[in-house]
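Trainee: If you want the building blocks of each chain, they are given just below.
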Amino acid sequence: MNLHEYQAKWLFAQHGVPIPKGKVATTGSQARSIARELGGRVVVKSQVLTGGRGKAGGVKLANDPDEAESIANQILGLDIKGYTVRKVLVDEAANIRDEIYLAILIDRSRRLPMMMASAAGGMDIEQVAAETPEKIFRIHIDPMIGLRSYQSTYVASGMDLPPKLWREFHIITTGLFDAFRAVDASLAEINPLVVTGENGLLAVDGKLSIDDNALFRHPELAEMRDVDEETESEREARQYGLSYIQLDGNIGCMVNGAGLAMATMDVIKLYGGEPANFLDIGGGATTESVTAALRIILADAKVKAVLFNIFGGIVRGDEVANGIVEALKQIGSDIPMVVRLLGTNAEEGLQILADANMATATTLTEAAQKAVALA
Amino acid sequence: MNLHEYQAKWLFAQHGVPIPKGKVATTGSQARSIARELGGRVVVKSQVLTGGRGKAGGVKLANDPDEAESIANQILGLDIKGYTVRKVLVDEAANIRDEIYLAILIDRSRRLPMMMASAAGGMDIEQVAAETPEKIFRIHIDPMIGLRSYQSTYVASGMDLPPKLWREFHIITTGLFDAFRAVDASLAEINPLVVTGENGLLAVDGKLSIDDNALFRHPELAEMRDVDEETESEREARQYGLSYIQLDGNIGCMVNGAGLAMATMDVIKLYGGEPANFLDIGGGATTESVTAALRIILADAKVKAVLFNIFGGIVRGDEVANGIVEALKQIGSDIPMVVRLLGTNAEEGLQILADANMATATTLTEAAQKAVALA
Amino acid sequence: MSILIDQNTRLLVHGITGRQGMFHTEKMLAYGTNVVGGITPGKGGQWVHGVPVFNTAQKAMEATGANCSMISVPARFAADSMYEAADAGIPLIICLTEGIPVQDMIEVRAYLDRLGVRLVGPNCPGLITPGKPGRAGMSGTKVGITPGSIVMPGRAGIVSRSGTLTYEVIYALTSRGIGQSTCIGIGGDPIIGSNFIDVLRMFEEDPETDRVVIIGEIGGNDEQLAAAYISKSMTKPVAAFIAGRTAPPGRRMGHAGAIVEGASGTAEAKIEALEAVGVKVADHPEQIVELIS
Amino acid sequence: MSILIDQNTRLLVHGITGRQGMFHTEKMLAYGTNVVGGITPGKGGQWVHGVPVFNTAQKAMEATGANCSMISVPARFAADSMYEAADAGIPLIICLTEGIPVQDMIEVRAYLDRLGVRLVGPNCPGLITPGKPGRAGMSGTKVGITPGSIVMPGRAGIVSRSGTLTYEVIYALTSRGIGQSTCIGIGGDPIIGSNFIDVLRMFEEDPETDRVVIIGEIGGNDEQLAAAYISKSMTKPVAAFIAGRTAPPGRRMGHAGAIVEGASGTAEAKIEALEAVGVKVADHPEQIVELIS
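Read top to bottom, the protein sequences are chains S, Y, C and W. Quick note on our numbering: the first sequence kicks off at 25 and runs consecutively. Quick note on our numbering: the second sequence kicks off at 25 and runs consecutively. Quick note on our numbering: the third sequence kicks off at 951 and runs consecutively. Quick note on our numbering: the fourth sequence kicks off at 951 and runs consecutively.
Keep in mind the hints are simulated off the structure, nothing from the lab. Please note that the accuracy of each hint is not assured.
Here are some of the chain C residues that sit facing chain S, going by a computed Cβ distance under 8 angstroms [as the list claims (entries may be wrong)]:
1. Met972
2. Glu976
3. Ala980
4. Pro1051
5. Val1052
6. Tyr1121
7. Glu1167
8. Thr1196
9. Pro1199
10. Ala1208
11. Lys1230
12. Asp1233
13. Glu1236
14. Val1239
Cβ pair distances, simulated, as ranges [stated by the list, open to error]:
15. C:Gly1015 - W:Asp1233: 24 to 34 angstroms
16. C:Leu1175 - W:Arg1064: 41 to 51 angstroms
17. Y:Asp184 - C:Gly1015: 50 to 60 angstroms
18. Y:Gly101 - W:Pro1199: 21 to 31 angstroms
19. S:Glu247 - Y:Pro243: 57 to 67 angstroms
Now the stretches of chain C that chain Y is said to cover, found in silico as 3 or more residues with beta-carbon under 8 angstroms [claimed, not checked]:
20. 1026-1036
21. 1124-1135
For each residue, glycine too, the CB sits at the ideal point set by N, CA and C.
Excised from the complex, chain S in its bound form (with noise of 0.2 angstroms):
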């Protein structure tokens, strides 16, 4: 789950890190009075889940009240990436000397968090580490003992920060660090990290992903999603614990585990076809997760056939037959259909969907050809 840079600079802040006054509204009225109250030079910023806001038109510097009520105006409404601007954070206008790129994340293959720093702030990362990755600095951090001040010197150092930053720059990366484990973040990201006319820090720009795996222990965290960034069978999906992704395709489709759903898209893409979303049912394939799941597929207007792709290991294939035949009848639908069940009393499970007039394969070849054709 992704937070918005407001809720992420004000998580961080909770922790010590120094971000610039601001406030967030929803209306150019609105953005006006904060305006004021920060004393006029603001910087109005759209809060969209998705990168590239700057580049969309999304981000503005206002000069006074007026302009950032006219700015925000412009800004409310605008669609980046498919996202609708529904906020914008207003922020007093930072005197940027210098920035700095910091964020902390997991590394999966030495299996711990690390902190990436680099003086390139303000640019896209990856670029920076594609054409000078020496400017990039990269501290593993043993969870059980914490992020160390030497290492903070050491990165510090290394970027040729003056010495009189040294600790102020540690107590951001501490904070930083903290933040990361209190919220169970995958990433926490400040970009840019602004040295200022000032010579002080301040977090100019804050990212902060969280592992959904712990969101059970995080509530405060769970209410801070932004459910009209998801959409309708997004957020449907979540409810019924489906694991539900839109894609650009035609052909929709349903499959019990993460691995086969995506085995089963690539194998429609093999015989020509485009899935149209991935979606994991999971171990149950009840009637009425099978009815969520069906309705989900079928809101999206783009499908012109859906594949059913179901292993019946542990669940028997009579059941879930007996499921897609009550879904459907409830749904009531004229898409086509193919279902392909395998395992335990599969073919009790075809004579079944048979019976009902639907399409039917064996194997996972045959399934994805006749959907292919059927669409």
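Fit chains Y, C and W to the supplied structure of chain S, relying on the hints for placement.
Mentor: Here is chains Y, C and W on its own, set in the frame of chain S:
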């Protein structure tokens, strides 16, 4: 540094440990109004930094506010092992069904925090350990991971605690360990942890010893120190950074280094004397620290002679001698003193002291024998 | 005759009184697994399908001398159960639980490594060693949830990051008469206990395995590391399937670990690395049968 | 010729720009110690008594190839300095700092053990190996604060939990012509890096040590463990002094570790344990000379 019972329990409560409702009173009428607030039946408990309060009559049950007032008036001002009672804690009386002993301390030989628990709560744990060691559970805690749920389960099931209390017991053990870590404790103890008639758990008494070395990072705890419980000399020694412990003998000692100070006491005893104190003036031995130390030693009316034992390693013997002469001038005293100097420039130092008409010695044996003769 | 589990396995089931725990305990017993005890705090003294339940792993160990733990408890309790099993002296832990926070797993894995405890999973279907019906004392052993009905004894080792996709491949192999020595799911999470290399090494050393199937997917670089290992140290033939060629970057495809972040996480990069060292990579799961025959 | 330090020691001083750090660096250089660098964050590029200062241990290691670190920083920074030295690859750390919180030391010690780094201290005077003036390349080496003026080369190994009490004993030995191979202070804290047994083992193996003096004190049971080790594994004669016969129970006698808690922490219990295995225990420090002659 030891905290009072009420301070310990309030800190435990901040980490989720259930404690009785209660407040501190310094007068009988305060105790009366607290008792009224709590509904009448209360326990009035002297708050002094020593054990054995119950046996000394410092803990009593009151059935109503009137009785609470009269009991508080009895207890306030009581002398318990040399400590005057200045405060009482008035706690709601618990409905006690069973008593558990629970503590977390440092196991020096394993170099780990250790949880100790026993169903024989309320009793002296050392007695339980001696008589029925099988009733004591010892659980070592990996500080990097913390106390684990299964460890609490192991103890709770071993003590035959009813399973419906295990979750609450785990919350308490975890809270106690969190408190132990958060305040850098060397001991965090709940004795007794009561199983109430209502089938809940309640920390009825608490003890918390803080690692003095860690007080720099707990300024809020350092402020909780009860200076009323220190002697004037202990307070002054602490202010000057001297290690000072008053004893019952009549030969004051001033030594640089803790090991040498203990050895000096031992040698005084070996030759028939009784040391009046332990005093380590540390590495410096400046005029200022010598003056403060001498003032503290002489404040003890039992002192009949003073033995200085200074090893001049880094400090030069002549500097130390000048410091002692200067300190004596400032303080002025008729008490006989023996100075033993060793190491760099010891001869020059001894000459300075001899010129000031002080008794001197070159070996520790000689110094101790002289001091014993003079006392 | 197999890797990691066999008839000498003495299994504890953590979470045995839960719905899943009870169901799979029954299935495992039916398949021939020696389930010696279960653990559920507060339910010590009960019995599940004839298996005694204990409050703690330590008590279970004292009573049963177990040598393997299967963790089937909710995600929020899974780390504690793994610590418990390890501290009780269990040398092999199979963790089925899905949804364990990554930061928990970082600490658990580091701790188990320090104690020398082998972990399989989490978020995995476990292991199955098919029985050899004709041979005395050679009944099958499974620790986990892989259906016993789809396997058959044989000499192909299967290692996979997935669940049902693995069943798919096993089913295809069995249908064509290619039996398995051991099938092992290593799990779909970013931080897991045993990786492809660990299992490949065991299959390479197992005298009853003569070929190996790898089922990988997007995310991380475990397949690339496996390729390097195969090139250097494997003498037995290896075939592979990698799921997720059509997965969009930056999205988690169900498994917490199945996300393309950077170039090395793509299916293409993995396939390329495997093919470069001579591993045959199937275009679709059923094709594995041809490549490994 | 000595234990732990000698002319091959290449020393880093953590906290070299502090008052104590500068003072003792000068003394160590004068005694012949090869001080190759110092560390103070923010002061990299400066020089102290001809020794280059670095911002981090890693940079210092790259530039100097050091193999020993002496920590002389305030207590609140000491844990970080020990982690830093260990992570930079230093195999031997001598920590002089007094007043480090016990819970910090528990974690540091566990971490260093895991990395195989030897720690001496904290809260100790360090080590000194007296020089042998007559032999080429045999000048003395000291890491710490023991005054070079009181030692003389010889064959007695000294190990102590104390500071000035050790000087007292060394002084007495030197005055009577009994030289020392190495004098080592292991520190007065409850959690220390190297204990009596560690050092006794090194002295036992050191061909240039032929007798050993132990200086213990109240608190803990390290002297009892030492007694057991001596009984089992020491061939060289050992004499001891234990400070604190007159110390009252339950009070910390200056050293954080010098507190009698329970029966095993008393001087009597320690003396008894040592005498039971044939170690001669002195009644007063100066008597050591007679016992070890």
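Trainee: If a hint holds in the structure, say so; if it does not, say that too.
Mentor: Comparing the hints with the structure gives:
| no. | hint | verdict |
| --- | --- | --- |
| 1 | Met972 | violated, 13 angstroms |
| 2 | Glu976 | violated, 12 angstroms |
| 3 | Ala980 | violated, 13 angstroms |
| 4 | Pro1051 | holds, 4 angstroms |
| 5 | Val1052 | holds, 5 angstroms |
| 6 | Tyr1121 | holds, 6 angstroms |
| 7 | Glu1167 | holds, 6 angstroms |
| 8 | Thr1196 | holds, 4 angstroms |
| 9 | Pro1199 | violated, 12 angstroms |
| 10 | Ala1208 | holds, 6 angstroms |
| 11 | Lys1230 | violated, 16 angstroms |
| 12 | Asp1233 | holds, 6 angstroms |
| 13 | Glu1236 | holds, 6 angstroms |
| 14 | Val1239 | violated, 11 angstroms |
| 15 | C:Gly1015 - W:Asp1233: 24 to 34 angstroms | violated, 55 angstroms |
| 16 | C:Leu1175 - W:Arg1064: 41 to 51 angstroms | violated, 24 angstroms |
| 17 | Y:Asp184 - C:Gly1015: 50 to 60 angstroms | violated, 25 angstroms |
| 18 | Y:Gly101 - W:Pro1199: 21 to 31 angstroms | holds, 28 angstroms |
| 19 | S:Glu247 - Y:Pro243: 57 to 67 angstroms | violated, 35 angstroms |
| 20 | 1026-1036 | holds (count 5) |
| 21 | 1124-1135 | violated (count 0) |
Taken one by one, the earlier hints fail for this structure at numbers 1, 2, 3, 9, 11, 14, 15, 16, 17, 19, 21, listed in ascending order.
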